[in-house]
Every structure is written in structure tokens, then in C-alpha cells.
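Protein sequences appear in the order of chains W and L. Start counting the first sequence at 1; every next residue gets the next number (the UniProt record's numbering). Start counting the second sequence at 1; every next residue gets the next number (the UniProt record's numbering).
Please keep in mind that the hints were generated in silico from the structure rather than gathered at the bench. Don't be surprised by glycine CBs; every beta carbon is placed ideally from N, CA and C. It is possible that some hints are incorrect.
Output of the computed footprint for chain L on chain W, the stretches with three or more beta carbons under 8 Å from beta carbons of chain L [unchecked claim]:
hint : stretch
1    : 91 to 104
2    : 173 to 184
3    : 221 to 230
4    : 275 to 285
5    : 334 to 342
6    : 404 to 410
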Amino acid sequence: MDILRFITAGSVDDGKSTLIGRLLYDSKSIMIDQLTAIQQQTKHKAVGEIDLALLTDGLRAEREQGITIDVAYKYFSTPKRKFIIADAPGHIQYTRNMITGASNANLIIVLIDARNGVVEQTRRHSLIASILKIPHVVVAVNKMDMVGYAEDVFNNIMIDYAVVAEKLGLKNVTYIPISALKGDNIVEKSTAMSWYDGSSLLSFLENVPVRNDVNLSVTRFPVQYVIRPQGETLHDYRGYAGKLISGILKVGDAVSVLPQGINTHIASIEHNGKNVEEAFAPQSIIVHLADDVDVSRGNVIVPVQQQPLSDKAFSSMICWMDTKPLQIGNRYWLQLNSTLVKCIVTNINYVLNVDSLTKQEHIDKIQLNEIASITLKTATPLVYDKYESLPVNGAAILIDEATNVTVGACMIQ
Amino acid sequence: MERYLDHLDQLESEAIHILREVAGQFERPVLLFSGGKDSITLVHLALRAFRPGNFPFPLLHIDTGHNFPEALAFRDQLVHEIQEHLIVRKVEDTMKVKNLPEPKGKFASRNALQTFTLLDAIDEFKFDACIGGARRDEEKARAKERIFSVRDEFGQWEPKLQRPELWNIYNGKIHKGENVRVFPISNWTELDVWHYIQRHQIELPSIYFAHEREVIEHEGQLVAVSPYIKIDETDVITKRRVRYRTVGDMSCTAAVESNADTLEKIINEIVATKTSERGETRIDDKVSEAAMEDRKKNGYF
Numbered sequence: 001m002d003i004l005r006f007i008t009a010g011s012v013d014d015g016k017s018t019l020i021g022r023l024l025y026d027s028k029s030i031m032i033d034q035l036t037a038i039q040q041q042t043k044h045k046a047v048g049e050i051d052l053a054l055l056t057d058g059l060r061a062e063r064e065q066g067i068t069i070d071v072a073y074k075y076f077s078t079p080k081r082k083f084i085i086a087d088a089p090g091h092i093q094y095t096r097n098m099i100t101g102a103s104n105a106n107l108i109i110v111l112i113d114a115r116n117g118v119v120e121q122t123r124r125h126s127l128i129a130s131i132l133k134i135p136h137v138v139v140a141v142n143k144m145d146m147v148g149y150a151e152d153v154f155n156n157i158m159i160d161y162a163v164v165a166e167k168l169g170l171k172n173v174t175y176i177p178i179s180a181l182k183g184d185n186i187v188e189k190s191t192a193m194s195w196y197d198g199s200s201l202l203s204f205l206e207n208v209p210v211r212n213d214v215n216l217s218v219t220r221f222p223v224q225y226v227i228r229p230q231g232e233t234l235h236d237y238r239g240y241a242g243k244l245i246s247g248i249l250k251v252g253d254a255v256s257v258l259p260q261g262i263n264t265h266i267a268s269i270e271h272n273g274k275n276v277e278e279a280f281a282p283q284s285i286i287v288h289l290a291d292d293v294d295v296s297r298g299n300v301i302v303p304v305q306q307q308p309l310s311d312k313a314f315s316s317m318i319c320w321m322d323t324k325p326l327q328i329g330n331r332y333w334l335q336l337n338s339t340l341v342k343c344i345v346t347n348i349n350y351v352l353n354v355d356s357l358t359k360q361e362h363i364d365k366i367q368l369n370e371i372a373s374i375t376l377k378t379a380t381p382l383v384y385d386k387y388e389s390l391p392v393n394g395a396a397i398l399i400d401e402a403t404n405v406t407v408g409a410c411m412i413q
Numbered sequence: 001m002e003r004y005l006d007h008l009d010q011l012e013s014e015a016i017h018i019l020r021e022v023a024g025q026f027e028r029p030v031l032l033f034s035g036g037k038d039s040i041t042l043v044h045l046a047l048r049a050f051r052p053g054n055f056p057f058p059l060l061h062i063d064t065g066h067n068f069p070e071a072l073a074f075r076d077q078l079v080h081e082i083q084e085h086l087i088v089r090k091v092e093d094t095m096k097v098k099n100l101p102e103p104k105g106k107f108a109s110r111n112a113l114q115t116f117t118l119l120d121a122i123d124e125f126k127f128d129a130c131i132g133g134a135r136r137d138e139e140k141a142r143a144k145e146r147i148f149s150v151r152d153e154f155g156q157w158e159p160k161l162q163r164p165e166l167w168n169i170y171n172g173k174i175h176k177g178e179n180v181r182v183f184p185i186s187n188w189t190e191l192d193v194w195h196y197i198q199r200h201q202i203e204l205p206s207i208y209f210a211h212e213r214e215v216i217e218h219e220g221q222l223v224a225v226s227p228y229i230k231i232d233e234t235d236v237i238t239k240r241r242v243r244y245r246t247v248g249d250m251s252c253t254a255a256v257e258s259n260a261d262t263l264e265k266i267i268n269e270i271v272a273t274k275t276s277e278r279g280e281t282r283i284d285d286k287v288s289e290a291a292m293e294d295r296k297k298n299g300y301f
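For reference, chain W alone in the conformation it holds in the complex:
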């Protein structure tokens, strides 16, 4: 069985939480005691049907306000797959929480209210999907029951969204007309929309290929921790522990330790206490090198023939997540996998206008929830790949030096 991680995105009241509630309910993943609990709350709120959204709104403030503030993770399985759902907020104020949920997703469901069509939040969430490079996009046109299950409503939204997808370079877009409230095209094919010849949402989620989402052709091994038992029998043991984030590593491979640039060979590889001839992403392993070189946390081991970039200055897309704006000259910690370096913002290249999807230059501040391109200078050379070519080694976060809070999501260009 494999895992599909997906996120639901859309405007407030597009029915994200209801959709997830419906998926859990119809796939029989909700337990009786949980159902009884939400039935009681629905009574408190004096709403007729059970409010499936109450299943995911886990915080008191969310239930009181009837909105989703932070990402809730939900889990369900079918015989084919384990699913991890990030139920993300639709409200613009909580975009940063949506990005948290989107960063690990294989797939995004962009919900569109059939009555409203493509709106600003649709464009914003699609833009995030495109800059995060989420491999698969499902446009779920929801509330079809409220437009009489009309085919032309669905077709017009498809035409509108195709323009957005084209501008953003989104590929692999699939369109599904649904009603989360009534259960149309969620688990079973709807009888109310015989004109639709695609699969139901769940059937699509079960079958969309995810195995190619792991890059096995370019090898990167960031060292997380050095294991040195220093006991009598293991006096000379020195193992470099980490997760192989991409590619394949074999005993005997010629490798470079970066950023030092020292070349050596892989002497042995341990996986779960056993010596193995090769390891592949995303296994967590322990690596031993042929030569006695100085390696510590933050170093990256790569094949000699597959060198990443190593620079002290580079540009990066950024989603800004702090109420305090980003300005030229600000200093932050930058964390990329196990590497932590100080950096300074040397330029704001442009800010993206979410509505027109155009670049605005000569901007001196980046505000909360804005998406921009900046230039960063680091104290020591950073070993990275472009996010475009290898996301697992091109994604980084910015951390505020004073508050320690994560304030930016970087995708190095």
C-alpha cells in the first residue's frame, strides 16, 4: 500500500471541510462515537443535517466561528491506499497555514463553488500550487446540486480555469463536478450528472500515480547526525546518519562531501541495523566513508558526477508568513534540510500580483501572505539545487532571529 498526501483548498464556504467529512463518512472512516459527538453539536447549532465540517474543525475558536483557522490532518485508508489529508483554511488571513499543508502534498484539490466560479482565492491557491510544484491538481466544482447539475456551468468553469492553469504552467489538471453535501461523484459516480464521463473523486485519488513523485535519478544525502558509540568494541565506528532525500546510493560510489568539496567513496551503508549494498530515497540510513574526513550535521554527500549548486548569493521565490514585513537589509536564519546559515536580504526582485499574475517591480516591502522573488546572501556557501529541478533540495525556510518564528517559505530559483 502506498500513501497519497493531499490538500483541499478553496474560498471560505466552498465546502472544504464538508468535502473531507463526506470522504471520511462515505469511506466509512468515521467512528460511531465521533459521529454521535458531531450530531450533538449540530443540535446545539440548530442546523438540520449533520454538519460534516465539525469533524475537521478541531479548535474551539474554529467551531465557534464556523471557519477553519489552522490545518487539520485527517487519515483514512481504502484497500488501495493510505490517505493523509491536510484540511487547510480558505480565509486569506490564514494563507500561511494553507502553505504549511500544501508543502508536503502530492495533490491539491482546488474547490470551486459552482455558483461563483473562479475567484481570487482560486487564483491564489492555484498560484501556490504552481510555485510549490504540487504534482497533481484536481479542480472540484462543488455545489453542483445548487446549479441544477448543469453541464454548461461546469464547462464554463473548466474554460475559465484553463486560462489560469495556462498562465501558471499547471499541468496534470483534472476536473470533477461534485456535491460534497449530497455526495455526488465523491465515492460513487453521481446519477444526477450522467453527462460526466470521468471517475469519482475517490476513485481518482486511489489511482493517480504517485510513485514517480520521488526523484531517484539525482542523489542527495544531507547529514543529520553523527553516530559515534565510542565504546570499547566500536571505538572506530563513525556513521553519518540521515535521510536519502533523493536518488540512489551504492557502496563504492565516488562521492563529494559538501560544502568542503572533499572526495571519497562510500565504504558501507546501514539500513535498519543491516548492511546493504544500496539505498534509495526516501530511506533513512547510516553511511560510512572510505576516508577519514571531517563530516558533521549540515554537510551534504553527493555523487562526484552529480554536483549541486553552491553559492553565497541566489534568488528565491518566497511566501511571506509574518505580520512584520520583509525588507531589504533584514537578516534571518535560513534552514535547508539540516543546514542552518545566516542570511541577509539584498534585493526584492518583484512581488507577484495574485489577481493579474503579473510581476510588480520596485517594491520595498513584502507583506504577510504575499508571494515574491528576493535575492539572498548567505554567510557561508549554501549547497542547493533549484527548486524547479529538485524541490527536496531547493526548499528552505527563513527564521526570524529575534522571535525564532518561521517567517518565510523559500523556493530557490
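Given chain W, put chain L in place with the hints provided.
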């Protein structure tokens, strides 16, 4: 050969990665060990993350004094086998020092008092990261929590101001006095844990398997007869064949009627069940809709 990890192997690698991030980023981490299946799984994952080295952290058991004797015996045997350091801090001692009253009631639970002992232990040893076996599928407040969850000086969780947590990058930077609660098996479900235990033949305390036990039935839940609950005249004590789906305190954990005496049978029962793990076995979660959220805000795990 197909180079692909199935869901359990992916979850395992993710958890090992998180454990090693803790080792790499913190000076004084600790693993909270309760003796339940989730923390036993964590220990197993730590063995895979750090052997042949020692754990870069001790284990800490917050002992309420209401434990199942089988769970305590198991704890001591496990620690002996793996030769790691175990710290035990007792709720009873905290109650004496702080002059806290013994909770009253039929199922008087020291569950809430654990928080005091935990926060004191964090202070005593200056722990900066506490690794725990909580899972997001357990409860809806937990479903919202980050894998690295920052607590302020008072141990409090602020659910509306959580740090963004992106990709597999965990920000462990904190101020002095703060600590991070780390949940390596956040993305595992109850069934994932059982399947993992089965795949790797991980040993568990005997009370997880069907056995004969004297119980009373209270509001549909079976509670073991023990010195920690108050037996009323109207209670009927019967001997039933039961097992525990979770292992907490004897005073607040209910048993389920079962004949499942092997991992395979337990898994079959869990696949078929219509009730959630907490709903079926925890007497302490039913107090209010936001019971868990409120406890977590105050420093509870």
C-alpha cells in the same frame, strides 16, 4: 527490483528522520515513555535511528501511581534489555510538595496532575525537547498540532499561533525556558501502529492481549477492579475476557471485551470496530468537547 517504500516503511523513515532532527538540533532532549504501544513503538524507532550508538536522550516516565503492574514490569524489562537511561518522576511526590489534593470521584484520575509533574521534570533537567508518541488521528485537537510544537515557559500550547511547518524542515529554534514537544508518529494511525508492531514483532505488555479480568460495567465501559476506583454497592463485579486497546492509568482506561490473543486477531478487531480508540477506552476525554485542547493549552502532552 522495485525501489519503492510502502506506507509503513515511509512512515518509519519519516519518524527516524524526525528523531535524528531532535538529536541534531537540541541539547537536552528526552523521550516521554508511558509504557503504552505508541511509546514502545517510539523506542523501537529510536533503536533504528541511533544504534549502534546510545540514544542521545534519556527516557522519562511520569508515574501517576495508578499504572497497570504489567505495564511497569514491561517498562523495567525493556529498559534493562536496551540498556538506556530511565528517569521516573512520581505524581505522588508532586502532590506532596505542592500540597495538591487527591482527586475525588468514582474514577478519580491523576491524569490532569501529570502535567505538574511533567513541567517540574522539564524544569529540573532543563529539557528543551520532549519526544512523545501522540498521533494526529487520536483526537481533533491533536489533528491540528505541528510535529515540532513549541511550548512557552509555562508549558502552554497556543493553537492559534503555531509556527508554519513546511516540507520536512523542522524549526527547533527556541528561547531559553521554552521547549518543543516533538511527535515523530504524528502521521501514523492506530492501525499503522499495530501493523508496524506486527511486521517487526515488537513485544508489548500482556494486557494488550485478551485475558481474564475482574471488571465493573459503567455506562457501557468495562473498568478493571483496582484500588484506584471506588466500587459502589450497586456495581456488579464480573470476570470477563478483555484486552486493552490503549494503556493509560487503571483509573481512567477502559477495557474492551475480546478474545483476541494474537496481533493478527487484534488487528482484525480494530479493522472491524466502529468506535474510535479514545472513545472506546478513555474515561477522561468525555468531560467536554474541548477537553483535550484545554489540557494541551495548560502543558499536557
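Do the hints match the structure? See the list:
Requiring three or more residues with a Cβ within less than 8 Å of a Cβ of chain L, the coverage given for the stretch 91 to 104 of chain W holds, as 6 such residues are present. Beta-carbon proximity to chain L at under 8 Å applies to 0 residues in the stretch 173 to 184 of chain W; the threshold of 3 is not reached and the given coverage is violated. Proximity of the stretch 221 to 230 of chain W to chain L, defined as three or more residues with a beta carbon under 8 Å from a beta carbon of that chain, is established by the 5 residues found. Counting residues of the stretch 275 to 285 of chain W whose beta carbon lies closer than 8 Å to any beta carbon of chain L gives 4, which reaches the threshold of three, so the coverage claim holds.
A count of 4 residues in the stretch 334 to 342 of chain W with a Cβ less than 8 Å from any Cβ of chain L is obtained; the coverage claim is therefore met, three being the minimum. As drawn, the stretch 404 to 410 of chain W meets chain L at 4 residues by the rule of a beta-carbon pair under 8 Å; at three or more, the given contact holds.
Checked against the numbered hints above, the structure breaks only hint 2 and satisfies the rest.
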